[in-house]
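Quick note on the working numbering: the sequence shown kicks off at 87 and runs consecutively.
Since the hints were made in silico from the structure, they are not lab data.
Take the hints with a grain of salt, since some may be wrong.
[Stated by the list, open to error] Only pairs whose alpha carbons sit at most 30 Å apart, straight line, appear in this in silico DSSO-like list of lysine-lysine: (1) Lys187 x Lys263; (2) Lys282 x Lys187; (3) Lys203 x Lys263; (4) Lys203 x Lys282.
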Amino acid sequence: MPGTVAPKRKRNLWTAVAVALVTAAGVAVWQLWPASDPAIAVPDRVCGRTLPGHLVADFLPEAGEQYWENVGDEFGVPYTGPTPECILSAGGRRVMVEYNKFLDTGRYKARHDAEDKVERIANNPGSVPLRLGEARGYVSKHVAILRLNCPMQGAPGTITASVFGISGFPPGRSDEKAFAELTAETLRVAARDVYKCASSSALPTGSPSLGQPRAG
Numbered sequence: 087m088p089g090t091v092a093p094k095r096k097r098n099l100w101t102a103v104a105v106a107l108v109t110a111a112g113v114a115v116w117q118l119w120p121a122s123d124p125a126i127a128v129p130d131r132v133c134g135r136t137l138p139g140h141l142v143a144d145f146l147p148e149a150g151e152q153y154w155e156n157v158g159d160e161f162g163v164p165y166t167g168p169t170p171e172c173i174l175s176a177g178g179r180r181v182m183v184e185y186n187k188f189l190d191t192g193r194y195k196a197r198h199d200a201e202d203k204v205e206r207i208a209n210n211p212g213s214v215p216l217r218l219g220e221a222r223g224y225v226s227k228h229v230a231i232l233r234l235n236c237p238m239q240g241a242p243g244t245i246t247a248s249v250f251g252i253s254g255f256p257p258g259r260s261d262e263k264a265f266a267e268l269t270a271e272t273l274r275v276a277a278r279d280v281y282k283c284a285s286s287s288a289l290p291t292g293s294p295s296l297g298q299p300r301a302g
């Protein structure tokens, strides 16, 4: 009869409508679902704007959990409190940046503590000698340290800068160059801006030099 739909045609019509609705819903969900992890954006300056961000980006993933940092007020400025530290994190990786001073006084000789810190990293398997002008140190897969003589208050002194991976680094991955670069810049900041070392002029610009891996 005119104006009616046969039962079979009616069933086919409703089936087509249902398929269309399911398909449309699937397309909407697919469009809302992220195709991949978002790209990580590292600021131009990190650790309270004391260090270049591109040096940090060199050993962080390109995508994943977004960048954040936890930096104390004393980082990058003269201080009298605890060791200045900056924690950086992104993409599941976390890194600590720090520097410190070791001052010999009449009561206590502290510079041997700085030497012990350097020697501990030097003993890591495959550790590589690290040099920046008059500063000396070592770097291994995910840790680096540099030490520089810096007399203070009329007494012999030493400062150190170090960077080490806390978590999230693949065991087989090696980041010696990236860790060395960030450690070198941290030492420049500590020597030039924080402790006003006369020897800060002995820290050249550019990349630190890496030697041959230490024999195991």
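Status of each hint after checking the structure:
1. At roughly 24 Å between alpha-carbon atoms, Lys187 and Lys263 fall within 30 Å of each other, so this suggested pair holds.
2. Of the pairs offered as hints, the one joining Lys282 and Lys187 holds, with about 12 Å between alpha carbons and a cut-off of 30 Å not exceeded.
3. A hinted pair counts as satisfied when its Cα atoms are at most 30 Å apart, and Lys203 with Lys263 qualifies at roughly 20 Å.
4. The hinted pair formed by Lys203 and Lys282 meets the criterion: a straight-line CA distance of about 22 Å does not exceed 30 Å.
In summary, the structure agrees with every hint in the numbered list given earlier.
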